[in-house]
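Construct the entire structure; sequences and hints are all you get.
What follows is each chain in one-letter form.
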Amino acid sequence: MAKSNKPIFWSLFAAGGTVTAFVTPALALVTLLAAFGANMDMFNYDSIHAFAGWWLGKLIIFGIISLSLWHAAHRLRVTVHDFGVRADTVVAYTVYGLAGLGTLLTIVYLLRI
Amino acid sequence: MGEEMSSKPYVREIPKTTWFLRQARYKRYMAREVTCIFIFAYTFLLICGLGALASGPEAFSGFVESLRSPLGVLFNLAVLIMTAYHSVSWFVVTPQAMPIQRGEEFVPGNIIVNAHYGAWAVVSLIILIWGM
Amino acid sequence: MSERQIQLEVLRYNPETDSEPRFQTYSVPCLNEWVVLDALNYVKENLDTTVSYRWSCHMAVCGSCGMMINGEPKLACKAFIHEYGDQIRVEPMAHFPVERDLVTVVDDFIAKFASIKPYLIPKEEKPVSAGEYKQTPAELLKFKQYTLCINCMLCYAACPQYGLVPQFLGPAAISMAHRYNQDSRDGGRDQRQEVVATNEGVWECSFVGACSEVCPKHVDPAGALQQVKVASTIDWYKEHLMPWVKK
Ligand code: SF4
Ligand code: FES
Numbered sequence: 001m002a003k004s005n006k007p008i009f010w011s012l013f014a015a016g017g018t019v020t021a022f023v024t025p026a027l028a029l030v031t032l033l034a035a036f037g038a039n040m041d042m043f044n045y046d047s048i049h050a051f052a053g054w055w056l057g058k059l060i061i062f063g064i065i066s067l068s069l070w071h072a073a074h075r076l077r078v079t080v081h082d083f084g085v086r087a088d089t090v091v092a093y094t095v096y097g098l099a100g101l102g103t104l105l106t107i108v109y110l111l112r113i
Numbered sequence: 114m115g116e117e118m119s120s121k122p123y124v125r126e127i128p129k130t131t132w133f134l135r136q137a138r139y140k141r142y143m144a145r146e147v148t149c150i151f152i153f154a155y156t157f158l159l160i161c162g163l164g165a166l167a168s169g170p171e172a173f174s175g176f177v178e179s180l181r182s183p184l185g186v187l188f189n190l191a192v193l194i195m196t197a198y199h200s201v202s203w204f205v206v207t208p209q210a211m212p213i214q215r216g217e218e219f220v221p222g223n224i225i226v227n228a229h230y231g232a233w234a235v236v237s238l239i240i241l242i243w244g245m
Numbered sequence: 246m247s248e249r250q251i252q253l254e255v256l257r258y259n260p261e262t263d264s265e266p267r268f269q270t271y272s273v274p275c276l277n278e279w280v281v282l283d284a285l286n287y288v289k290e291n292l293d294t295t296v297s298y299r300w301s302c303h304m305a306v307c308g309s310c311g312m313m314i315n316g317e318p319k320l321a322c323k324a325f326i327h328e329y330g331d332q333i334r335v336e337p338m339a340h341f342p343v344e345r346d347l348v349t350v351v352d353d354f355i356a357k358f359a360s361i362k363p364y365l366i367p368k369e370e371k372p373v374s375a376g377e378y379k380q381t382p383a384e385l386l387k388f389k390q391y392t393l394c395i396n397c398m399l400c401y402a403a404c405p406q407y408g409l410v411p412q413f414l415g416p417a418a419i420s421m422a423h424r425y426n427q428d429s430r431d432g433g434r435d436q437r438q439e440v441v442a443t444n445e446g447v448w449e450c451s452f453v454g455a456c457s458e459v460c461p462k463h464v465d466p467a468g469a470l471q472q473v474k475v476a477s478t479i480d481w482y483k484e485h486l487m488p489w490v491k492k
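Residue numbers (the working numbering), protein chains in the order written: chain A, 1 to 113; chain B, 114 to 245; chain C, 246 to 492.
Hints were generated in silico from the structure; no laboratory data involved.
If a hint is listed, it holds; no wrong ones were tucked in.
No more than 27 Å apart at the CA atoms, straight line, and that leaves these computed lysine-lysine pairs for DSS-like:
#	chain 1	residue 1	chain 2	residue 2
1	A	K3	C	K368
2	C	K368	C	K379
3	B	K121	C	K289
4	B	K140	C	K462
5	C	K462	C	K387
Coverage of chain B stretches by chain C, computed from C-beta distances (three or more under 8 Å per stretch; other residues unrestricted):
#	stretch
6	136 to 149
7	207 to 216
For each residue, glycine too, the CB sits at the ideal point set by N, CA and C.
Right, dumping it as structure tokens:
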């Protein structure tokens, strides 16, 4: 039996799970308030643009988005199996593909800001 | 073993798709696992926002407008609930995954969990103050 | 002492005559301080000598009386009657084939348990004259909790991943590997990792945590498995990113 390569994905899953556990509920609360029509500073174009234009801001945004994606992707792979789908290879390519695409888009967008 | 005893042990099949309905703890586990769908979707929403931000003020205000619908409210509410569930379920198991040993004793698990809750509160507060 | 009439539903399966299991109900006068095992013994002695089940110590140390009691993996000698209603259903441990009545076929677990080399593999052979292996209390603490495992297999009966993917090495075997890996006297981790760090080893685990909830000895196998994942991940990065670093 060969040793598994899951550690690559699992390490991203674990790091992302921690990051998203700390930040996502609060972010979701902010977007929820915005959805209710509140004027949130996070959705003030100038201030968020300035934040995303700052190198550390870029790094923070990139870290949160990409790690959350890889966390969710890996867990989704397991969850699909838990729901009885036995097509792990296809599922793995799909979910990791989505996470990769999201990571790429994030890089492109951040570089354009 | 084996031969002397039963020649036909009975194998009880497990339903591949509905197994988790059998025990409350399995349902809790599945609830935790499906939080990833919400995290996935919400993160793509953030990416859309980032894309709009990169495209300029009009695109960005269009993005913010698009949030303001009953569907947007419902979606964000669901994300809030599910991600909070993820956070709690994540923090309560950290002492199991990463116990801290101080000499001849382990740091009690509830101290580690409460430290995470404390840090979570601080981070959330920073995001909220900064986001308002 | 108060006595209560309990309807004990027992799963029956006779491989010679039955094509599938059925339930048989016995009415048992139970004392309140009894455990479910006492009720089964009452049935065996007074009502039906043909009921088969395993037990030995009656004190939660031998690990042989594991069964499903009202759907929950339990030691029959540790499940008190007063915690249940008037109807109690006992079945053989989930996820194992049924040999007869409450007796399961456990060869799979035994083979897996043996495969992780559950014994000390010293780093280097030391002659007896070199003296004993010393260990500090802090070093002992690193693995002590895992030595409490009694191989009752309740964690396997609780683990849905083992039920769904029978090749999975499972909670108790991996916890026991972790027990020896954590022992300062041991040097066999590399050998155990060959079995443990595979897809069907620790990576089949999705941290449901059911094993730790049902473990009668508070071994916390789920915690052990997460620690094994962390250590295996560090190994992976060392092996692939820094192949020149010898472990
Ligand atoms: S880890 Fe706990 S539940 Fe599993 S075999 Fe050992 S004592 Fe039993
Ligand atoms: S009879 Fe020994 S553990 Fe129950």
